[in-house]
Amino acid sequence: MDFHKLALAMLSNCRSISTWIFTFGLGEETGWRGFLLPRLQGKYSALTSSLIVGIIWAGWHSPMFLYNENLRAHGPTGTIFWVIGLMFGATFLTWLYNSSRGSILMTALWHGTYNLFTGAAGQAAGLFAGIISMFVMVWVILIVTIFKPRDLSHSEKQTVTRRADRIIKTVRSSTQEESGNALLPLHLR
352 MDFHKLALAM LSNCRSISTW IFTFGLGEET GWRGFLLPRL QGKYSALTSS
402 LIVGIIWAGW HSPMFLYNEN LRAHGPTGTI FWVIGLMFGA TFLTWLYNSS
452 RGSILMTALW HGTYNLFTGA AGQAAGLFAG IISMFVMVWV ILIVTIFKPR
502 DLSHSEKQTV TRRADRIIKT VRSSTQEESG NALLPLHLR
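So the sequence shown is numbered by this note's numbering: it starts at 352 and just counts up by one.
Quick caveat, the hints were computed from the structure, so don't treat them as lab data. Heads up, a few of these hints could be off.
What the hints assert, rightly or not - List of simulated lysine-lysine pairs, DSBU-like, C-alpha gap at most 30 Å:
#1 Lys520 to Lys499
#2 Lys520 to Lys394
#3 Lys394 to Lys499
Can you make the complete structure from the sequences, with help from the hints?
Structure below.
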(Lines of atoms letter the chains of each structure in order from A; the text may use other names.)
(Lines give C-alpha, C1' and ligand atoms only; values in the text may rest on other atoms or scores of the structure.)
Protein backbone atom coordinates (compact mmCIF):
# COMPACT_ATOMS: atom_id res chain seq x y z
CA MET A 352 0.00 0.00 0.00
CA ASP A 353 1.37 3.39 -0.99
CA PHE A 354 0.80 5.56 2.08
CA HIS A 355 2.23 8.61 0.31
CA LYS A 356 -0.49 8.44 -2.37
CA LEU A 357 -3.11 7.80 0.27
CA ALA A 358 -1.94 10.81 2.33
CA LEU A 359 -2.00 13.06 -0.76
CA ALA A 360 -5.47 11.86 -1.68
CA MET A 361 -6.70 12.53 1.85
CA LEU A 362 -5.16 16.00 1.91
CA SER A 363 -6.76 16.91 -1.39
CA ASN A 364 -10.05 15.55 -0.04
CA CYS A 365 -9.72 17.63 3.13
CA ARG A 366 -10.30 20.74 1.05
CA SER A 367 -13.82 19.55 0.46
CA ILE A 368 -14.48 18.02 3.88
CA SER A 369 -17.24 20.51 4.72
CA THR A 370 -18.98 19.65 1.46
CA TRP A 371 -18.72 15.94 2.28
CA ILE A 372 -19.98 16.32 5.82
CA PHE A 373 -22.78 18.74 5.05
CA THR A 374 -23.92 17.18 1.77
CA PHE A 375 -23.49 13.47 2.25
CA GLY A 376 -23.37 13.49 6.04
CA LEU A 377 -25.95 16.02 7.16
CA GLY A 378 -28.05 15.72 4.01
CA GLU A 379 -28.53 11.97 4.32
CA GLU A 380 -28.56 11.75 8.10
CA THR A 381 -31.41 14.23 8.40
CA GLY A 382 -33.51 11.71 6.50
CA TRP A 383 -32.13 8.39 7.76
CA ARG A 384 -31.55 9.10 11.44
CA GLY A 385 -33.48 12.34 11.87
CA PHE A 386 -36.74 11.23 10.27
CA LEU A 387 -36.89 7.50 9.51
CA LEU A 388 -35.04 5.86 12.42
CA PRO A 389 -37.02 7.42 15.32
CA ARG A 390 -40.28 6.36 13.67
CA LEU A 391 -39.06 2.80 13.14
CA GLN A 392 -37.67 2.56 16.68
CA GLY A 393 -41.15 3.45 17.98
CA LYS A 394 -42.35 0.13 16.51
CA TYR A 395 -39.28 -2.14 16.36
CA SER A 396 -36.06 -2.85 18.21
CA ALA A 397 -33.07 -0.66 17.41
CA LEU A 398 -31.42 -3.54 15.53
CA THR A 399 -34.49 -4.31 13.39
CA SER A 400 -34.89 -0.58 12.71
CA SER A 401 -31.23 -0.41 11.66
CA LEU A 402 -31.63 -3.28 9.22
CA ILE A 403 -34.74 -1.69 7.67
CA VAL A 404 -32.88 1.62 7.29
CA GLY A 405 -29.93 -0.33 5.80
CA ILE A 406 -32.11 -1.97 3.15
CA ILE A 407 -33.70 1.36 2.18
CA TRP A 408 -30.27 3.01 2.28
CA ALA A 409 -28.91 0.39 -0.14
CA GLY A 410 -31.79 1.11 -2.51
CA TRP A 411 -31.08 4.84 -2.22
CA HIS A 412 -27.43 4.32 -3.14
CA SER A 413 -28.05 1.77 -5.91
CA PRO A 414 -27.92 4.40 -8.71
CA MET A 415 -24.22 4.87 -7.83
CA PHE A 416 -23.59 1.56 -9.59
CA LEU A 417 -24.45 3.32 -12.86
CA TYR A 418 -21.61 5.86 -12.65
CA ASN A 419 -19.10 4.62 -10.05
CA GLU A 420 -16.49 2.37 -11.69
CA ASN A 421 -15.29 1.01 -8.33
CA LEU A 422 -18.78 -0.19 -7.42
CA ARG A 423 -19.44 -1.69 -10.86
CA ALA A 424 -16.18 -3.63 -10.58
CA HIS A 425 -17.49 -5.43 -7.48
CA GLY A 426 -19.71 -7.76 -9.47
CA PRO A 427 -22.71 -9.57 -7.93
CA THR A 428 -20.81 -11.05 -4.96
CA GLY A 429 -19.16 -7.74 -4.15
CA THR A 430 -22.53 -6.02 -4.36
CA ILE A 431 -23.96 -8.41 -1.77
CA PHE A 432 -21.04 -7.64 0.55
CA TRP A 433 -21.51 -3.92 -0.12
CA VAL A 434 -25.16 -4.21 1.05
CA ILE A 435 -24.04 -6.17 4.12
CA GLY A 436 -21.51 -3.41 4.81
CA LEU A 437 -24.32 -0.84 4.64
CA MET A 438 -26.29 -2.90 7.17
CA PHE A 439 -23.32 -2.80 9.53
CA GLY A 440 -22.96 0.94 8.87
CA ALA A 441 -26.65 1.56 9.56
CA THR A 442 -26.38 -0.36 12.83
CA PHE A 443 -23.25 1.57 13.84
CA LEU A 444 -24.99 4.87 13.10
CA THR A 445 -28.05 3.76 15.11
CA TRP A 446 -25.75 3.08 18.06
CA LEU A 447 -24.14 6.51 17.61
CA TYR A 448 -27.53 8.21 17.26
CA ASN A 449 -29.03 6.53 20.33
CA SER A 450 -25.86 6.99 22.40
CA SER A 451 -25.80 10.71 21.60
CA ARG A 452 -29.52 10.97 22.48
CA GLY A 453 -30.53 11.68 18.91
CA SER A 454 -27.74 13.92 17.65
CA ILE A 455 -27.92 14.29 13.88
CA LEU A 456 -24.67 16.26 13.99
CA MET A 457 -22.77 13.30 15.47
CA THR A 458 -24.07 10.89 12.84
CA ALA A 459 -23.46 13.43 10.05
CA LEU A 460 -19.86 13.98 11.15
CA TRP A 461 -19.21 10.24 11.24
CA HIS A 462 -20.98 9.58 7.92
CA GLY A 463 -19.24 12.40 6.05
CA THR A 464 -15.82 11.61 7.50
CA TYR A 465 -16.24 7.89 6.82
CA ASN A 466 -17.14 8.60 3.19
CA LEU A 467 -14.22 10.99 2.85
CA PHE A 468 -11.56 8.66 4.21
CA THR A 469 -12.78 5.38 2.75
CA GLY A 470 -12.88 6.60 -0.82
CA ALA A 471 -16.64 6.65 -1.19
CA ALA A 472 -16.13 9.50 -3.66
CA GLY A 473 -14.70 7.02 -6.11
CA GLN A 474 -11.02 7.10 -5.15
CA ALA A 475 -9.49 3.73 -4.46
CA ALA A 476 -8.58 3.84 -0.77
CA GLY A 477 -7.98 0.09 -0.90
CA LEU A 478 -6.58 -1.46 2.25
CA PHE A 479 -7.23 1.64 4.37
CA ALA A 480 -10.95 1.56 3.50
CA GLY A 481 -11.04 -2.16 4.22
CA ILE A 482 -9.45 -1.68 7.63
CA ILE A 483 -11.92 1.05 8.59
CA SER A 484 -14.84 -1.04 7.35
CA MET A 485 -13.61 -4.07 9.28
CA PHE A 486 -13.27 -1.92 12.41
CA VAL A 487 -16.92 -0.81 12.02
CA MET A 488 -18.07 -4.42 11.57
CA VAL A 489 -16.23 -5.62 14.68
CA TRP A 490 -17.53 -2.61 16.61
CA VAL A 491 -21.13 -3.46 15.58
CA ILE A 492 -20.73 -7.06 16.73
CA LEU A 493 -19.55 -5.72 20.10
CA ILE A 494 -22.43 -3.21 20.22
CA VAL A 495 -25.05 -5.90 19.60
CA THR A 496 -23.39 -8.24 22.10
CA ILE A 497 -22.93 -5.66 24.87
CA PHE A 498 -25.98 -3.41 24.51
CA LYS A 499 -28.44 -5.95 23.03
CA PRO A 500 -30.71 -5.43 19.99
CA ARG A 501 -33.49 -3.50 21.78
CA ASP A 502 -31.62 -0.20 22.27
CA LEU A 503 -28.07 -0.80 20.88
CA SER A 504 -26.90 1.76 23.42
CA HIS A 505 -26.52 2.60 27.10
CA SER A 506 -29.23 5.23 26.44
CA GLU A 507 -32.79 4.40 25.51
CA LYS A 508 -33.52 4.18 21.80
CA GLN A 509 -34.62 7.50 20.37
CA THR A 510 -38.20 7.56 19.11
CA VAL A 511 -40.35 10.41 17.86
CA THR A 512 -42.28 10.45 21.15
CA ARG A 513 -39.15 10.38 23.31
CA ARG A 514 -37.54 13.22 21.34
CA ALA A 515 -40.73 15.31 21.44
CA ASP A 516 -41.05 14.75 25.21
CA ARG A 517 -37.45 15.89 25.71
CA ILE A 518 -38.06 19.06 23.66
CA ILE A 519 -41.27 19.85 25.58
CA LYS A 520 -39.53 19.28 28.91
CA THR A 521 -36.67 21.59 27.90
CA VAL A 522 -39.06 24.34 26.77
CA ARG A 523 -41.13 24.04 29.96
CA SER A 524 -38.11 24.18 32.24
CA SER A 525 -36.67 27.22 30.44
CA THR A 526 -40.09 28.95 30.55
CA GLN A 527 -40.43 28.24 34.27
CA GLU A 528 -36.93 29.58 34.91
CA GLU A 529 -37.74 32.77 33.00
CA SER A 530 -41.06 33.31 34.80
CA GLY A 531 -39.45 32.56 38.16
CA ASN A 532 -36.69 35.04 37.44
CA ALA A 533 -39.22 37.78 36.68
CA LEU A 534 -39.91 38.09 40.41
CA LEU A 535 -36.25 38.72 41.20
CA PRO A 536 -34.76 42.21 41.22
CA LEU A 537 -32.87 42.97 38.01
CA HIS A 538 -29.44 42.79 39.64
CA LEU A 539 -30.16 39.18 40.83
CA ARG A 540 -31.39 37.81 37.49
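Comparing the hints with the structure gives:
no., hint, verdict
1, Lys520 to Lys499, "holds (28 Å)"
2, Lys520 to Lys394, "holds (23 Å)"
3, Lys394 to Lys499, "holds (17 Å)"
Checked against the numbered hints above, the structure violates none of them.
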